[in-house]
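K.L.:
Those sequence lines, one after another, are chains P and C.
If you count the first sequence from 1, position 67 lands on 67 in the working numbering, and the numbers rise without skipping.
Whatever position you read off the second sequence (first residue = 1), add 1000 for the working numbering.
These are calculated hints, taken from the structure and not from any lab test.
None of these values were measured; they are calculated from a predicted model.
Treat the hints with care, since some could be wrong.
[To be verified] EDC-like, lysine to aspartate or glutamate: derived pairs with alpha carbons at most 16 Å apart:
#	chain 1	residue 1	chain 2	residue 2
1	C	K1030	C	D1156
2	C	K1005	C	E1103
3	C	K1076	P	E44
4	C	K1076	P	D37
5	C	K1076	P	D43
6	C	K1126	C	E1102
7	C	K1126	C	E1056
8	C	K1005	C	E1066
9	C	K1046	C	D1156
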Amino acid sequence: MYVCICRVVTQSRIRASIDAGASSVDEVTLECGAGGDCGSCRDEIQSMLDEHCGAGCDHCPRAHGGASARAAG
Amino acid sequence: MKGHKQVVDALNATLTAQLTAINQLFLAAKVHEHRGFLRLARAAYKQSIHVMRRAEPVIARVLLLEGLPNLQRIAKVGAAEGPVEQLSLDLTLQQELCARLEELARTALSLADHGTAELAEDQLSKEQVYLHWLEAQQRELAQLGHDLYLAAQIHDAP
Ligand code: FES
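Just chain C, with the same shape it has in the complex (with noise of 0.2 Å):
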């Protein structure tokens, strides 16, 4: 089934951002755990393996659609010197994906692919759900200053 080249762009363009946050939250719980805050470690971790799982429909559609899934680009890996700094570059991250799957949905929905439109749609509540704890640990953070804020991420509780 031969696909619009605009949909498959857009699919490719939301396969890079997944490849980017795979690979920024991967590293970014791996250094929260060397620094000993596992409650941030658990949450990119989960996310991170959550988001490869994402990937997996993404790039089905692509060859579905007769495309090329591009697994060679990745935008830059945002890698923080502190925990705090790197929420917000993590924020940053999921604001961008987030943004990818709607213009994804936007164009699916334009050319009339309503198979790509439904996946783009399903794959952005999903993200929102992780957009949304980044944008709580925010206020918890100007709630409760770093000290405390990071205090509170020492110990896991699943």
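Only chain P is shown next, with the shape it has when bound in the complex (with noise of 0.2 Å):
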């Protein structure tokens, strides 16, 4: 499907961004272009990272630290 309508991006294109590193909205608005007009879709970017990052994320290479980190903050 879509997320993104205004920019045209579907939720595969969004899940690439994601697996190649971007750890926030701003990052995968950056990638791919998702979520830069009018942001309806931003809270749906957000709950993908945190699907993303919610599991496992000890193991990610990244150091954003994920969802946990979030929460913390």
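Take the two lone chains, each set in its own frame, and fit them into one complex as the hints suggest.
P.N.:
Take a look at the structure:
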């Protein structure tokens, strides 16, 4: 499905951004454009990030710490 | 006639679900039409227009209760890459609209706003018709498989 209608970005394209290391909505926007217009898809991009980072963040090579760090901070 | 804030809020939440449905189904109808799935196009188009008509008494009720109808807020429009996925996004959308109407009826009843409760229940019974149609499509899909199901969507027999 198209998560971002304004910039015509699909869910799988956003997942690819996240897999490639984007760790915040702004980074996803920079990488593929999603979320850069009206902003109404940003919650959904955030949930995709949370989902990605919720499980097994201990093994995640990225430094952001994922959902648990955001909840704590 | 000053209404309860909770009722006005619940009416506006219903309006948000309606506006989302109007747009999502209008888009879906045009995409189905473009791809040649005329039966799906017609069903989505009709429902979009029906919901627009049903938004009118909701807006009128908000005004009657001295609130401001919120035509600004709209939820995420579900746009699929293919027709089968669109049907499941439309099902989620319709479940949300029915849930808002149920909530509206409950809130209005608890505050003895019988006019609003009656409006909500009347609309709920109409939205359930489309909900059941969408559920039937899921059953047909499961029985026929995607290819046969989609082949049956090309011709529109009104
Ligand atoms: S839907 Fe993504 S910015 Fe508008």
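K.L.:
Go through the numbered hints given earlier and state which of them the structure violates, listing their numbers in rising order.
P.N.:
Of the numbered hints given earlier, the structure breaks none, since each of them holds.
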